[in-house]
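Asker: Note that the protein sequences, when read in sequence, are chains A and B.
Sequential numbering from 661 applies to the first sequence in the working numbering.
Sequential numbering from 661 applies to the second sequence in the working numbering.
No lab work stands behind these hints, which were simulated from the structure alone.
Worth double-checking, as some hints may not be accurate.
No distinction is drawn between identical chains; accordingly, a pair holds when it is met within one copy or between any pair of copies.
Below are the DSSO-like pairs computed for lysine-lysine, each with C-alpha atoms no more than 30 Å apart in a straight line [as the list claims (entries may be wrong)]: (1) Lys783 <-> Lys823; (2) Lys779 <-> Lys823; (3) Lys783 <-> Lys669; (4) Lys678 <-> Lys783; (5) Lys710 <-> Lys790; (6) Lys783 <-> Lys675; (7) Lys788 <-> Lys710; (8) Lys710 <-> Lys783; (9) Lys823 <-> Lys678; (10) Lys779 <-> Lys678; (11) Lys710 <-> Lys779; (12) Lys779 <-> Lys669; (13) Lys790 <-> Lys708; (14) Lys783 <-> Lys708; (15) Lys788 <-> Lys708; (16) Lys678 <-> Lys788.
Protein chains: 2
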Amino acid sequence: MEQRIDRIKNQLHSKSYKLTPQREATVRVLLENEEDHLSAEDVYLLVKEKAPEIGLATVYRTLELLNELEIVDKINFGDGVSRYDLRKEGAAHFHHHLVCIECGTVDEIQDDLLGEVEKVVEKDWNFKIKDHRLTFHGVCHRCQNAGEESEAEKKPKKRNQVKVR
Amino acid sequence: MEQRIDRIKNQLHSKSYKLTPQREATVRVLLENEEDHLSAEDVYLLVKEKAPEIGLATVYRTLELLNELEIVDKINFGDGVSRYDLRKEGAAHFHHHLVCIECGTVDEIQDDLLGEVEKVVEKDWNFKIKDHRLTFHGVCHRCQNAGEESEAEKKPKKRNQVKVR
DNA sequence: ATTAATAATGATAATTAATACCACTTTATA
DNA sequence: TATAAAGTGGTATTAATTATCATTATTAAT
């Protein structure tokens, strides 16, 4: 965790930005909720718990900055809000997502599924790929088994689930 | 064109919706601009040229309806507006997009690039895929050749290009 | 055909995510 | 230290979308 913060600090410094306390608090929230897909509002509320004096505008600015530096990726699952997803360190490509249309959960796929596809696109369409977004919408393994599931096994819904309107 | 409208009319009727004059005007705009990726506002302005009495709310409602019936797909390229894209008739899957970060143009890929990938996802993640979104961000063939291009060849920018903030 | 119920529309108000603005504070630099 | 530059917080503003509601079609029932 601390090493991760240090590396992010260096990334900022290398572009002559500072890791201010507000920015650090924001980064910590992102790290502590790495498996989630938080909206700016979500991040704001979580940061406020630890640093109540922070302003919403600063959170937006920080997320925008982190996005420009490719520390986070801004994604949109079609529910009206942008969400911010930390890039995995050392990942060659942005990961993919599985959005469940039943429960709203978003799972991540870290595997590079698009290697071959990207070769085809670059060659056949003469398109220089810089980034990609791949999201599948469907029914997750949990909801497929929902009938067989005992009451005790049912996981509570999380507050920051994606809910497509 | 007329046959296409007829089939859409039937799709609506089969779910007991009517193809009202307003809905038909909206569908016509979508058909006449099939290669574009219009926002609701874009559609509204174009419909208004032919049927000035139409209201913005009706356009939004119609697009929402067409989306539910899977006649159009609602997509978001990260520039803050939803765009509406007609499904190709008989297409097994929603097509893919190439968004140019230089000129903002969106090109479409009709080929099914994800057949194998989807098999893997369904099997390895036990995820029942209903839909997908695949977008590549990068530099289009036109912008890669921009230097070699003569003044006369430069195409004017289109009004409804996607411009990522 | 007339009426009652239902569906659809248009105008506009309300909502909400995101951005702009501006006075103030902190940090770096001459 | 002074002085510029960078960053922040609060709030106003913008802009996309949705909600509301009175009015107008359309359909179904009598």
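Asker: Checking lysine 783 and lysine 675: alpha-carbon separation at most 30 Å within a copy, between copies, both or neither?
Answerer: neither (33 Å within a copy, 43 Å between copies)
Asker: Go through the copies and call it for lysine 710 and lysine 779: within, between, both or neither, with a Cα cutoff of 30 Å.
Answerer: neither (45 Å within a copy, 44 Å between copies)
Asker: When no copy is specified for lysine 678 and lysine 783, does a C-alpha distance of 30 Å or less occur within a copy, between copies, both, or neither?
Answerer: Neither: 40 Å inside a chain and 45 Å across chains, both beyond 30 Å.
Asker: Give the relationship of lysine 783 and lysine 708 under a CA distance limit of 30 Å: within one copy only, between copies only, both, or neither.
Answerer: neither (48 Å within a copy, 41 Å between copies)
Asker: Have a look at lysine 823 and lysine 678 and pick one of within, between, both or neither, based on CA distance no larger than 30 Å.
Answerer: between (35 Å within a copy, 29 Å between copies)
Asker: As a check of your reading, is lysine 779 near lysine 678 (CA-CA no more than 30 Å) within one copy, between copies, both or neither?
Answerer: Classified as neither; 38 Å inside a copy, 45 Å across copies.
Asker: Please work out whether the CA atoms of lysine 678 and lysine 788 approach to 30 Å or closer within one copy, between two copies, in both situations, or in neither?
Answerer: neither (32 Å within a copy, 44 Å between copies)
Asker: How do lysine 779 and lysine 823 come out at 30 Å by Cα distance, when the copy is not named: within, between, both, or neither?
Answerer: between (33 Å within a copy, 25 Å between copies)
Asker: When Cα atoms must be at most 30 Å apart, do lysine 783 and lysine 669 count as within-copy, between-copy, both, or neither?
Answerer: Neither. Shortest intra-copy (37 Å) and inter-copy (40 Å) distances fail the 30 Å Cα cut-off.
Asker: Are the CA atoms of lysine 710 and lysine 790 at most 30 Å apart within a copy, between copies, both, or neither?
Answerer: For lysine 710 and lysine 790, the Cα distance exceeds 30 Å both inside one copy (36 Å) and across copies (40 Å).
Asker: My question is about lysine 783 and lysine 823: at a cut-off of 30 Å on alpha-carbon distance, are they close within one copy, between copies, both, or neither?
Answerer: between (37 Å within a copy, 25 Å between copies)
Asker: Measure nothing new, just compare the shortest in-copy and cross-copy C-alpha distances for lysine 710 and lysine 783 to 30 Å and report within, between, both or neither.
Answerer: neither (49 Å within a copy, 42 Å between copies)
The structure shown violates the earlier hints numbered 3, 4, 5, 6, 7, 8, 10, 11, 12, 13, 14, 15, 16.
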